[in-house]
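J.: Quick note, the sequences are listed as chains A and B, same order.
If you count the first sequence from 1, position 54 lands on 54 in my numbering, and the numbers rise without skipping.
If you count the second sequence from 1, position 282 lands on 282 in my numbering, and the numbers rise without skipping.
In case anyone wonders, no lab produced these hints; they're calculated from the structure.
Among these hints, one or two may not hold up.
[Claimed, not checked] Derived DEER-like restraints, expressed as beta-carbon distance ranges:
| # | chain 1 | residue 1 | chain 2 | residue 2 | range |
| --- | --- | --- | --- | --- | --- |
| 1 | A | Asp20 | B | Asn68 | 19 to 27 Å |
| 2 | B | Pro289 | A | Lys69 | 37 to 45 Å |
| 3 | B | Lys145 | A | Asp20 | 31 to 39 Å |
| 4 | B | Lys72 | A | Lys58 | 18 to 26 Å |
| 5 | B | Asn91 | A | Lys58 | 52 to 60 Å |
| 6 | A | Glu56 | B | Leu11 | 33 to 41 Å |
| 7 | A | Asp20 | B | Asn205 | 46 to 54 Å |
| 8 | B | Asp279 | A | Gly40 | 55 to 63 Å |
We put the beta carbon where it would ideally sit given N, CA and C, even for glycine.
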Amino acid sequence: MEMKELGKKYNLLGWEEILDKNINIILNNEQMELLVKKMGCAIDVEGFIIDPATKERKHSIDSAEINIKELGAIMPGSTVFIKKNIASFSQYLAEYYEKSQ
Amino acid sequence: MPLPGWLQIVLSYGKKIGSWLLNPKNEKDNRSLKNIDCKQINILSKTNVNIIVINDRDSGNNYLCDINAIPKSVIDKITKHYELERDDRKNQIRIVNREFQNGLLDYEKYYDKKVASIDKIFMYLDPEYKSILKLSAYVESLLSKAQHNEAQKVKEDIGLQYGSNGRKLCNLYLQGYISSMVDSYLKDLTSIAKFKESSFKVYINNLIRQIIQYSEWIFFINNPYKVKEVSVKILEGMQKGILYIALHSAGYKNIKTTEKIAEEVSKQVAKCGYELKQDRPPITDSLCPTYNVFLIKQKNKQ
Numbered sequence: 001m002e003m004k005e006l007g008k009k010y011n012l013l014g015w016e017e018i019l020d021k022n023i024n025i026i027l028n029n030e031q032m033e034l035l036v037k038k039m040g041c042a043i044d045v046e047g048f049i050i051d052p053a054t055k056e057r058k059h060s061i062d063s064a065e066i067n068i069k070e071l072g073a074i075m076p077g078s079t080v081f082i083k084k085n086i087a088s089f090s091q092y093l094a095e096y097y098e099k100s101q
Numbered sequence: 001m002p003l004p005g006w007l008q009i010v011l012s013y014g015k016k017i018g019s020w021l022l023n024p025k026n027e028k029d030n031r032s033l034k035n036i037d038c039k040q041i042n043i044l045s046k047t048n049v050n051i052i053v054i055n056d057r058d059s060g061n062n063y064l065c066d067i068n069a070i071p072k073s074v075i076d077k078i079t080k081h082y083e084l085e086r087d088d089r090k091n092q093i094r095i096v097n098r099e100f101q102n103g104l105l106d107y108e109k110y111y112d113k114k115v116a117s118i119d120k121i122f123m124y125l126d127p128e129y130k131s132i133l134k135l136s137a138y139v140e141s142l143l144s145k146a147q148h149n150e151a152q153k154v155k156e157d158i159g160l161q162y163g164s165n166g167r168k169l170c171n172l173y174l175q176g177y178i179s180s181m182v183d184s185y186l187k188d189l190t191s192i193a194k195f196k197e198s199s200f201k202v203y204i205n206n207l208i209r210q211i212i213q214y215s216e217w218i219f220f221i222n223n224p225y226k227v228k229e230v231s232v233k234i235l236e237g238m239q240k241g242i243l244y245i246a247l248h249s250a251g252y253k254n255i256k257t258t259e260k261i262a263e264e265v266s267k268q269v270a271k272c273g274y275e276l277k278q279d280r281p282p283i284t285d286s287l288c289p290t291y292n293v294f295l296i297k298q299k300n301k302q
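Extracted from the complex, chain A is given alone in its bound form:
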């Protein structure tokens, strides 16, 4: 089927129509790694997320180094790495959104 046919059955949105909204980009482990790299980070040989220029390991909200396998979410605030741990996300909400409480 050509794109014309596709357009008959599906709404086709451009990214500019969605980037200003509240969105979750939902990924599996491999896709997370791919997007982390596209956003300018790198992964070292042990699987930890690093700054490619300085080779320094990035930290999650609990100040510990973060392995790509542990990565649960990336939140703006800026670039806050959250582990696959609900308490890690809770700390993010408490720390970054004090004013909304």
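Dock chain B against chain A, hints included.
T.: Relative to the frame of chain A, chain B by itself:
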């Protein structure tokens, strides 16, 4: 659960999707994509590793796209979005692991609700205590719905994030210490907090630190606590004149252990100037009996 037929067709397009975001026009198919669950996303990502789901949190709509076809300009915009300091949750792009998606959504809904037991003090708490107490209240709500496995997972996460102090504070919350503190001890103090907000903030956070500190003398009897070990510790506390020592147990096995400890220490209670109180609350909805023992230092005695 297999993917619906219309979605199979989308996956067969592969690279032809390009940089578009897809959403079915047909209402039924749209609902089906809206309700796509984690297992289906799992199958989707195994069937075609490039197709990802974009969730609009406000409308609940889901869109499909090819991760490899996202334009560089879009990646740059997302990266710039992340570089900014933010303190609000409006128009927020989140990158979420699908394993974490449901837990994150459920907890955030809970976090935004007021919790009566901590509402009066919540705004004055340090972020760490805000987080631990809100998580503890979440554990309590999961237990009330008999979601024991989920509650246990959250308790483990509290331990991983905050260590033994986090676990202690959670246990103290579940035992009602924090709500009693708020309802009785802090009842009058919160009314003056508005006038002396910064002082009250310092006071309340120090108070919670002390509660955690003295929690050394608050025992939650569980395997592998041993009768002799705990009895010796309690006697040590009584000899030091610790004002308040407590034992809490749930479940028949733990209650039996606590009864033996209480029998052991009761021999020294009067001599050390303490009063021993016991409490057996009615069986809760979770069908788990509980038994509590309190050792309280008597005034003007030893």
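J.: Taking the hints in turn, state whether each one holds.
T.: Going down the list of hints, with the structure as the test:
| no. | hint | in the structure |
| --- | --- | --- |
| 1 | A:Asp20 / B:Asn68: 19 to 27 Å | holds, 24 Å |
| 2 | B:Pro289 / A:Lys69: 37 to 45 Å | holds, 41 Å |
| 3 | B:Lys145 / A:Asp20: 31 to 39 Å | holds, 37 Å |
| 4 | B:Lys72 / A:Lys58: 18 to 26 Å | holds, 22 Å |
| 5 | B:Asn91 / A:Lys58: 52 to 60 Å | violated, 24 Å |
| 6 | A:Glu56 / B:Leu11: 33 to 41 Å | holds, 39 Å |
| 7 | A:Asp20 / B:Asn205: 46 to 54 Å | violated, 38 Å |
| 8 | B:Asp279 / A:Gly40: 55 to 63 Å | holds, 58 Å |
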